[in-house]
Structure formats: structure tokens, C-alpha cells
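Protein chains: 2
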Amino acid sequence: MKVYKRKNRLSAQEYIDGVLQGSRVILSRAITIVESNLESDKILAKEIIQAILPHSGNSIRIGITGVPGVGKSTFIEAFGKYLTTLNHKVAILSIDPSSQRSKGSILGDKTRMEELSNNENAYIRPSSTGETLGGVANKTGESMLLCEASGYDVILVETVGVGQSETAVHGMTDFFLLLMLSGAGDELQGIKKGIMEMADMVVINKADGDNIKNSEMARLQYQNALHIFPQPDSGWTPVVTKASSTKNTGIDAVWEQVLKYKELVDQNGYFTKNRNHQKIKWMYNNINEELKHLFYGSPEIKNKLSSLEHDVVSSQVSPVKAAQYIMEDFKKSM
Amino acid sequence: MKVYKRKNRLSAQEYIDGVLQGSRVILSRAITIVESNLESDKILAKEIIQAILPHSGNSIRIGITGVPGVGKSTFIEAFGKYLTTLNHKVAILSIDPSSQRSKGSILGDKTRMEELSNNENAYIRPSSTGETLGGVANKTGESMLLCEASGYDVILVETVGVGQSETAVHGMTDFFLLLMLSGAGDELQGIKKGIMEMADMVVINKADGDNIKNSEMARLQYQNALHIFPQPDSGWTPVVTKASSTKNTGIDAVWEQVLKYKELVDQNGYFTKNRNHQKIKWMYNNINEELKHLFYGSPEIKNKLSSLEHDVVSSQVSPVKAAQYIMEDFKKSM
Chain A
133 MKVYKRKNRL SAQEYIDGVL QGSRVILSRA ITIVESNLES DKILAKEIIQ
183 AILPHSGNSI RIGITGVPGV GKSTFIEAFG KYLTTLNHKV AILSIDPSSQ
233 RSKGSILGDK TRMEELSNNE NAYIRPSSTG ETLGGVANKT GESMLLCEAS
283 GYDVILVETV GVGQSETAVH GMTDFFLLLM LSGAGDELQG IKKGIMEMAD
333 MVVINKADGD NIKNSEMARL QYQNALHIFP QPDSGWTPVV TKASSTKNTG
383 IDAVWEQVLK YKELVDQNGY FTKNRNHQKI KWMYNNINEE LKHLFYGSPE
433 IKNKLSSLEH DVVSSQVSPV KAAQYIMEDF KKSM
Chain B
133 MKVYKRKNRL SAQEYIDGVL QGSRVILSRA ITIVESNLES DKILAKEIIQ
183 AILPHSGNSI RIGITGVPGV GKSTFIEAFG KYLTTLNHKV AILSIDPSSQ
233 RSKGSILGDK TRMEELSNNE NAYIRPSSTG ETLGGVANKT GESMLLCEAS
283 GYDVILVETV GVGQSETAVH GMTDFFLLLM LSGAGDELQG IKKGIMEMAD
333 MVVINKADGD NIKNSEMARL QYQNALHIFP QPDSGWTPVV TKASSTKNTG
383 IDAVWEQVLK YKELVDQNGY FTKNRNHQKI KWMYNNINEE LKHLFYGSPE
433 IKNKLSSLEH DVVSSQVSPV KAAQYIMEDF KKSM
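Protein chains in written order, with the working numbering: chain A, 133 to 466; chain B, 133 to 466.
In short, the hints are calculated from the structure, not lab data. Possibly wrong hints are sitting among the right ones.
For chains that are exact copies, the list does not tell them apart, and a pair is met inside one copy or across any two.
To be verified - Derived DSSO-like pairs (lysine-lysine); straight-line CA-CA distance at most 30 Å:
hint, residue 1, residue 2
1, K394, K413
2, K434, K213
3, K213, K394
4, K436, K405
5, K178, K392
6, K324, K464
7, K174, K436
8, K379, K436
9, K413, K424
10, K394, K436
11, K392, K213
12, K436, K324
13, K464, K174
14, K178, K464
15, K413, K379
16, K405, K178
17, K178, K436
18, K345, K464
19, K345, K413
20, K464, K392
21, K405, K464
22, K436, K464
23, K463, K413
24, K434, K405
25, K413, K434
26, K379, K463
27, K464, K394
28, K392, K345
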């Protein structure tokens, strides 16, 4: 493999070649370009993504979520290591628009995944920070494409489990994994509504030592609960298992379920259908965000809205009429 | 009370006075104005809504959903009748953008609620049809305001339980009731994701005869399942009860829970907070729909989008880039 010298900036073709040839250094630098907000980098990023696009997609994308304290980093370390022993190349990305690492993003603290980060078949990339959800989702999504073009065939996309980023991760992955702890109830308060229903699999983590019996109880409880949910469009019946990331038990069973899922959705056509749907949805999400930006970004609109909000709450004007007022103003300004 | 003669069209003031004085005839005609798509009616509707707005809001708004076959119409008939015996004035509205009455909307088939429709303290209004969800939601929302201004203090908003209208109903009501049947599993396939988690209360209907034992089992199963959900923002813990609309059992218990809920949210301030939030959300929903209409309504945009969708699915262009293309075109056209 060609050795790339570090220099200030490579040509688009050098990035493209490096990514396609599996250079970790170039992959990292290409992701940095994708994450950059500089205009010149944005143009470069477009060119790189456009070129690698036909080489992307050959992977299984797994979304992983769970509240802080559930043991996401140890789980991902154990799961990622297991996958590399099966000769998979594993890329680990994260979506964390809140960007305060102390809140629980595993990837800000690489030392917690030291072994995996030294594994040549694993690529760990902390999330870009200080962004809107839409911005971070775009960047993580394009980073995922770069990783795939670079030969990574399992992509783990981590999210913190307390915000709105779960829907974004669910919208860019094939399989959605929710980590939970035994003792259902209290710690669930941190999980946002709707996340349970997105899960293709729930893993009761930290099922070890004194905790095994409680974990089995929790497993049954979740299994029963998922049973009364509507079945996902994929035709898959969500499963609940237990695992110990520190004792390394139940990790292989997670992958086994992912493979079973993959077999099902390959057979029934859902895999491709869902990927196509996700691509189109990704485009429309971008369009709708841009549209809102165009409207809500205007200082006059902002001023009017805050006074209209007041009038609506105090029932001086109806919500429908308030919307008509401001849209008329907007159309005139166009 | 003044007697209103039927004439082709009343003045705005006549509608306003009639509604505020509790005339059912005028209320019906005012709702017809609100539902109309004629430009002149829209102007009249605005004036009426604006005038009655300060008199609206004095009610408890209950959303009711469940798949066809769950017995919504008999439940609402029993529940409505019970409420009138407690001297409440009950208005029953529905959201049904699909508008095919055969699909299960109770309100298209008034004969099924014959007794209630002849009750002078109940007002039943079938939903307007053949509309977008946003359009129907606006009309149902404004009809609700008219009913409140006309003295109805319990508003039941029914939805069919298989579409997207549940979120709209949840967004305009204080308390969300999900009707289910025993024998969880099969019939749940009809309930869309996320609806379970919106429920403040689940009622296992048709708990009578041979079905009592199964209904109690279902009740326990749902109670356990709701237990592991995140608690709603209201601080309320959702409850599951069973009822028989035909035997008239368990109907009073539903109202009891609604009152308990009301007491809680009055005390913790959630009631007002949520109502204010709903008003503002209603305004923003309208703005965002208008914005999308402005964009997606353009024939050129439509053409370009269908070709872009194709290019995105076949990985010829990235979703992010596709969105940029079309937004540039749109901005130029402005």
C-alpha cells in the first residue's frame, strides 16, 4: 500500500484513492474534511463523497443506544473485539449533538476503549461537536459512507440515549440495539419515549455476579413488553437477551441475532427497501431543514414569532390565524 | 333563548352570538363555515374564531383511539351518556383524514350512536372529509374551540387508530385514551408504533361474558408493559382498566381516572403548561406545512425531485448534495 506523507492538504483524488485503498490516516483526514465548516472544505468534501458513493453501502449498520451508566463503552469494546476475531472490519461512529462529553458519550473518552482503538481492524471516530442535530447527522452519515468505501463492513453508530439523536441514528442504520439495565423503572426515566419501539433488540447489560437473577427477570419483562408492541415493518420480532460486557458473556448472541435479522430482511426484501427509503428520507430531511433555516433564520421573522407566541398563548389570536399572518409577511418578503 | 331562522347565511355577529348562547343549530352552521374551503367562508371563519377565542378552553379534552372493531362507537355512546348523567355537556368530534367511513370512523354512522345523538347535552359532529391531515386537524381544532365557547365542557376527539392522525389528536387533547381488546398480539398489528406510549389510559373493551378472564389477563399484561415505559411529562402513571360498553361496566372508572389526572395536572401546573405548548405547536405546525406547501407545491420542484430521488437511490448523487442542488434552484426562483 502506498504510504501517504502528512501534508497540509491533499488533492481530492488523493483523498479518494487513500480511502478506497483502506488507509486509516487518509480516512481520518477525509472525515475531518467532511466535518469541516470551511467553504473550501465543503466543496472538497462534496467531490470526495461523490466519488466514493458507488463504493459505499457494503456493510451492516448497527445503531446502539442506552442511557449513561448502562455500559455502552464496555459493550462496544467487547462487541467490536468479538467482531474483529471473526475477521470483520469494524468502524465506530457516534452522534452526539449535545457534545458535552461528560454527559456520557463513550467516544470522547478513547482511553475507555483502549484495546479496541489499538486493533487494526477497528476504527473509532469521536463525533464532531457543537452542531445542530441535522448537521451532525449529515456528517456522521457521510463518515459512515467513507468508512464503508474504506472496507469497513460493520458500522456501529452510537448515540447517548437521552436526546433526539436516536431517531437520526435509527434513520441511518439497519438494526437498532437498545442497552438496558435490570431493575426496570427508575433508570428508564432517562430513555425517551419512542426509543423502546425502535429497538430490534434489547440487551440487558451488566448481567453478571449478583445481578444475573435480576437481569433474567428484566429480560422476561422486556420480552413480554416488546411482545405487545406492533411488529416492525421489517417483519422482525424484536428479541431481548442479557450480556455481560466485562465477563464477555452474551456478546456472541448479539451478533447471532444481527445475522438472523440480516438473513430475514435480505430474503423479504426489506433490507434494500429500507436503505432506499433512508436515502430518500435523508435528502428530504436536508431539504426541510434548509427550508426552515431560510424562514426561521430571518431576524424579522424571529421578532414577529416571539410576539405572536405571546398572543397565541394568551388567546388573543388563534394559532391558525397567527400562522397565516406570518406566512403572508414571508411571501411578501420573497 | 333566541330562535334562529334558517337562512342562507348569517352575519358574523349572528354566528358568534348563537355559538356563545349555546344554540346547537348555529354551532353546527359555524362548524360548517370553519370546514368550508370557500374563500369567503374562510374570512368569515377567521372572524368567528377570533371572537369566540376568549370563551374557549373551559373543558377537558379527551382523545380516544383504537383499531376498527375495538368498539369505539359503543364505548363513546356509553361514556358520553354517563357524562350527561353527571350534568356534563359532551361534544364528540373526530379526525379522519382518510375519510373512508367504511374503515371504521364511528361518526360517519350516526345511527350507531342513536341514543346519544338524541341527547340534548351531547353534540356529535362527523369529521370533514377528503383533506390533508393538517387541514382536518385545523378544522377539528377550531370546531373544538367553537364547542367549548358553546358551553360543552367535555370534548371527546375520536380517531381511527391506524393512521397518522393519533399524533394530531394527542396534540390537541389533555388526556389520551387507547381502547384495546383482550388477546394481545394479532389485533395489535393494526395499532401504529408510538401510540401505546402516548396513552394516559388503556381500556380493555368488551370485557364481558366469556371474555372477562382474558380481559383481566390482557389488563395485567398492558399494565406491566406500560410500567416499563418512560413516565409521561405530565407526571401521570398510565393506568389500564377493563370495561364493557354493552354491559355498561367500567365506564364510570374511566371518568374517575380522567378526574384524577385532571387533579394531578392542575396541581403540578402541567395542564396549563401543556395547553400553552399545544397552542404554540399548533401555530408552528401550520407555518411548517405552509412552508412545505410553498416549496413542494411548485411543479418544477416536483419534477426535479422525482428525478433526484432516482439518482439518490441509485447512489449517483448523495442525499446531502441532492438537497443542496434543489435548494439552490429554489432560492434562485424566489
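Results for each hint:
no.: 1; hint: K394 <-> K413; in the structure: within (21 Å within a copy, 39 Å between copies)
no.: 2; hint: K434 <-> K213; in the structure: neither (50 Å within a copy, 47 Å between copies)
no.: 3; hint: K213 <-> K394; in the structure: within (20 Å within a copy, 52 Å between copies)
no.: 4; hint: K436 <-> K405; in the structure: between (43 Å within a copy, 22 Å between copies)
no.: 5; hint: K178 <-> K392; in the structure: neither (36 Å within a copy, 57 Å between copies)
no.: 6; hint: K324 <-> K464; in the structure: neither (40 Å within a copy, 40 Å between copies)
no.: 7; hint: K174 <-> K436; in the structure: between (33 Å within a copy, 23 Å between copies)
no.: 8; hint: K379 <-> K436; in the structure: neither (58 Å within a copy, 54 Å between copies)
no.: 9; hint: K413 <-> K424; in the structure: both (16 Å within a copy, 15 Å between copies)
no.: 10; hint: K394 <-> K436; in the structure: neither (50 Å within a copy, 34 Å between copies)
no.: 11; hint: K392 <-> K213; in the structure: within (20 Å within a copy, 52 Å between copies)
no.: 12; hint: K436 <-> K324; in the structure: neither (32 Å within a copy, 37 Å between copies)
no.: 13; hint: K464 <-> K174; in the structure: between (32 Å within a copy, 21 Å between copies)
no.: 14; hint: K178 <-> K464; in the structure: between (34 Å within a copy, 21 Å between copies)
no.: 15; hint: K413 <-> K379; in the structure: neither (40 Å within a copy, 48 Å between copies)
no.: 16; hint: K405 <-> K178; in the structure: within (25 Å within a copy, 44 Å between copies)
no.: 17; hint: K178 <-> K436; in the structure: between (36 Å within a copy, 20 Å between copies)
no.: 18; hint: K345 <-> K464; in the structure: neither (66 Å within a copy, 64 Å between copies)
no.: 19; hint: K345 <-> K413; in the structure: neither (42 Å within a copy, 45 Å between copies)
no.: 20; hint: K464 <-> K392; in the structure: neither (56 Å within a copy, 49 Å between copies)
no.: 21; hint: K405 <-> K464; in the structure: neither (41 Å within a copy, 34 Å between copies)
no.: 22; hint: K436 <-> K464; in the structure: both (14 Å within a copy, 25 Å between copies)
no.: 23; hint: K463 <-> K413; in the structure: both (27 Å within a copy, 21 Å between copies)
no.: 24; hint: K434 <-> K405; in the structure: between (40 Å within a copy, 22 Å between copies)
no.: 25; hint: K413 <-> K434; in the structure: both (28 Å within a copy, 16 Å between copies)
no.: 26; hint: K379 <-> K463; in the structure: neither (62 Å within a copy, 57 Å between copies)
no.: 27; hint: K464 <-> K394; in the structure: neither (52 Å within a copy, 44 Å between copies)
no.: 28; hint: K392 <-> K345; in the structure: within (27 Å within a copy, 37 Å between copies)
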